[in-house]
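2 protein chains.
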Amino acid sequence: MFTNDLVSQNISGHEPYIPGRQPKLNAETIKLNTNENPYPPSPLISDGLHEHIDNLRLYPDSSCEELRNSIAQLHSVDPDEVIIGNGSDDILNLCTRCFSDVSKPIGFFEPSYSLYNVLGSLQGCPVKKIPFQDNTFEIKNDLVSKSKTNLFFITSPHAPTGRTYENSLFSSILKNYRGILVIDEAYADFASTNAINLLKESERLIITRTLSKSYSLAGLRVGYGLGSKKIISVLNRAREVYNVDRIAQYIAWVALNDRDYFSETKTKIINSREKLYSKFKEWGWDTYKSGANFLFTRPVDNNGNSGKDIAQSLFNFLQHHQIFTRYFPAHILTEPYLRISIGKEREMDMLVTKLIQWQTKDLQV
Amino acid sequence: MFTNDLVSQNISGHEPYIPGRQPKLNAETIKLNTNENPYPPSPLISDGLHEHIDNLRLYPDSSCEELRNSIAQLHSVDPDEVIIGNGSDDILNLCTRCFSDVSKPIGFFEPSYSLYNVLGSLQGCPVKKIPFQDNTFEIKNDLVSKSKTNLFFITSPHAPTGRTYENSLFSSILKNYRGILVIDEAYADFASTNAINLLKESERLIITRTLSKSYSLAGLRVGYGLGSKKIISVLNRAREVYNVDRIAQYIAWVALNDRDYFSETKTKIINSREKLYSKFKEWGWDTYKSGANFLFTRPVDNNGNSGKDIAQSLFNFLQHHQIFTRYFPAHILTEPYLRISIGKEREMDMLVTKLIQWQTKDLQV
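Just so you know, the sequences run in chain order E and P.
The letter at position 82 of the first sequence is residue 464 when you use this note's numbering, and the numbering goes up by one with no holes.
The letter at position 334 of the second sequence is residue 716 when you use this note's numbering, and the numbering goes up by one with no holes.
Keep in mind that a hint or two might mislead.
Unchecked claim - What follows is a list of derived Cβ distance ranges for each label pair:
id	chain 1	residue 1	chain 2	residue 2	range
1	E	387	P	451	29 to 37 Å
2	E	641	P	683	51 to 59 Å
3	E	554	P	426	52 to 60 Å
4	E	387	P	649	42 to 50 Å
5	P	663	E	462	47 to 55 Å
6	P	398	E	691	49 to 57 Å
7	E	728	P	485	54 to 62 Å
8	E	717	P	646	54 to 62 Å
9	E	429	P	425	13 to 21 Å
10	E	508	P	639	43 to 51 Å
11	P	515	E	712	51 to 59 Å
12	E	430	P	426	38 to 46 Å
13	E	530	P	451	34 to 42 Å
14	E	403	P	426	52 to 60 Å
Unchecked claim - Covered stretches of chain P (in silico footprint by chain E; criterion: 3 or more residues with CB under 8 Å from a CB of chain E, positions within the stretch not fixed):
id	stretch
15	416-425
16	464-472
If you're looking for bench data, these hints aren't it; they were derived computationally from the structure.
Note that this is a predicted model, so its numbers are computed, not measured.
Note that CB positions come from ideal geometry on N, CA and C, so glycine has one too.
Throw the hints in and build the complete structure from the sequences for me.
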């Protein structure tokens, strides 16, 4: 008989990560709830795919050499300063495995990416959650340096607001903090700033990236980490040796090297984002300036009201009309807002039409 | 500056898993060193692949529902008794995360799959290595029940010998052992027996399988675990929510459902294995009866000698002729043997030709 005392200490009280809802799609669905890219990945992917199928009988390259070389070139770093993960979540997991334990706490600001807490719980290390003070989501350097943690995660651009942080902040954190700083740049390709240049300044910085958003490859699970050779060699000790499959290595390589397509789709998304941002501002909806492929906005109804109930009401209204967005009612700083991923232009037009309808009509669905 | 005291306790002394050598392949290479399948995967895979590329922009199905349904049907179990991993190594890793900790030791017999030790070290749990008593690689039931472990791994068919174990052994272990028993059946598709029927007998049994060998998908990283709903629900708590990508789910599904191709290639491999086994026996080379896609054989040279040096000499001779096999000099029970993966018929013919040449000629390469 299976009894609960067979379960390890860390898993006994562990709450797993709950991903955004994945509704069954139909032709009418507009899916703006999990920050996926509305455009397909590089059309060059199909060209060479078939030759990789027969080779699937062979193990993949454990070191992902070709992919690491491309990434190293892209960011002007050494290939030994790059590690590839089965999604950037894999890299975040390696960070907790390598740099936290019962006497090495992790820290992060709340609210941000809820996976950090899940990974800390899995690892069984103390977890220090530092609440954001207000809805500016400003970060004070000394909160990190005084956190008494060994590993600290900062999401930049921040999720779910999309706001960005200056490198001067990270520089000063790296000067005062003695632990390992992870800057989770999942959305940085959509921002005008990123922390890559800081890698030269510190051996204790890890930057994580994903191909899920800006390369339209959420379904593929490829992400990467950048850091000093010392850091990367430690992460490699805990990495599953064949963590990234042959097809994923090939597709990621093609997508990374198709810079024209990357720029084209990225620009379209940024343009759509700014257009929607202007619309929200025009309506008087408090909205964060975003460096990501989503907007975090505080809806205002036809009576001039906003807040938790209003956000919930709009979320339901949109869902009823097959438009899926994300709502975070669990935190006081996020409950009056909706997070809306940037879709295709046509999808954004339909969204705006529905939002106008919601603002001007009877709210009953 | 990065200093070693930033590294977590478990990783500080951790020795990672070393995979078999992956030589650069050329037209002459015969690669028989990592138990890959010599045949390409199901030809049906290419047919529907392209439609999955565009959908890569969307996250995969976190629960791998269609793939789990196929596997459940194949083994006559419930879909909730199946968990899919990024390779069966992912499932083995989840087993240590969920069922071992500082006060819950793991155990396994040595030599077997060296990953168990790596996973225990990563998890920071006590590791009990029970040495096989002699080169019969017999397992005594009471060694498991008296091991004072919470989680025990048995490789069946055994690696690197390929020998199989009877279900009566596992039944009696499950009666006497109070912990979780993992039967790692990576090679079971090539055997005439497996432990699937025992899942009905115990809630504390986990069987792991991989598509790497019998489905020719080593490059894809898909494996699965079978167990009681209670066990599977615990493993799911530690599973990365998007651990298996869209393309991998699709390809695995097609390969699993192409039963004709599976049987055809499996039969060819078993026939080649038995033919090579007969040849070794004819030469007087001690060889284990194998339920896997490899043979473990003790080479005898032209002077009638065998042993560590002879095995090493043949390994080098074959490698010089672009035939790669696996040699395990680290253990006294394995050092006089070579492990040879079963390749295509033509490859086996060339191997036999070279082996005859080695036996009858001057051994200098």
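Results of checking the hints against the structure:
no.: 1; hint: E:387 to P:451: 29 to 37 Å; verdict: holds (32 Å)
no.: 2; hint: E:641 to P:683: 51 to 59 Å; verdict: holds (58 Å)
no.: 3; hint: E:554 to P:426: 52 to 60 Å; verdict: holds (57 Å)
no.: 4; hint: E:387 to P:649: 42 to 50 Å; verdict: holds (45 Å)
no.: 5; hint: P:663 to E:462: 47 to 55 Å; verdict: holds (48 Å)
no.: 6; hint: P:398 to E:691: 49 to 57 Å; verdict: holds (52 Å)
no.: 7; hint: E:728 to P:485: 54 to 62 Å; verdict: holds (58 Å)
no.: 8; hint: E:717 to P:646: 54 to 62 Å; verdict: holds (59 Å)
no.: 9; hint: E:429 to P:425: 13 to 21 Å; verdict: holds (20 Å)
no.: 10; hint: E:508 to P:639: 43 to 51 Å; verdict: holds (47 Å)
no.: 11; hint: P:515 to E:712: 51 to 59 Å; verdict: holds (57 Å)
no.: 12; hint: E:430 to P:426: 38 to 46 Å; verdict: violated (20 Å)
no.: 13; hint: E:530 to P:451: 34 to 42 Å; verdict: violated (48 Å)
no.: 14; hint: E:403 to P:426: 52 to 60 Å; verdict: violated (32 Å)
no.: 15; hint: 416-425; verdict: holds (count 7)
no.: 16; hint: 464-472; verdict: holds (count 4)
Going down the numbered hints, you'll see the structure goes against 12, 13 and 14, while the others check out.
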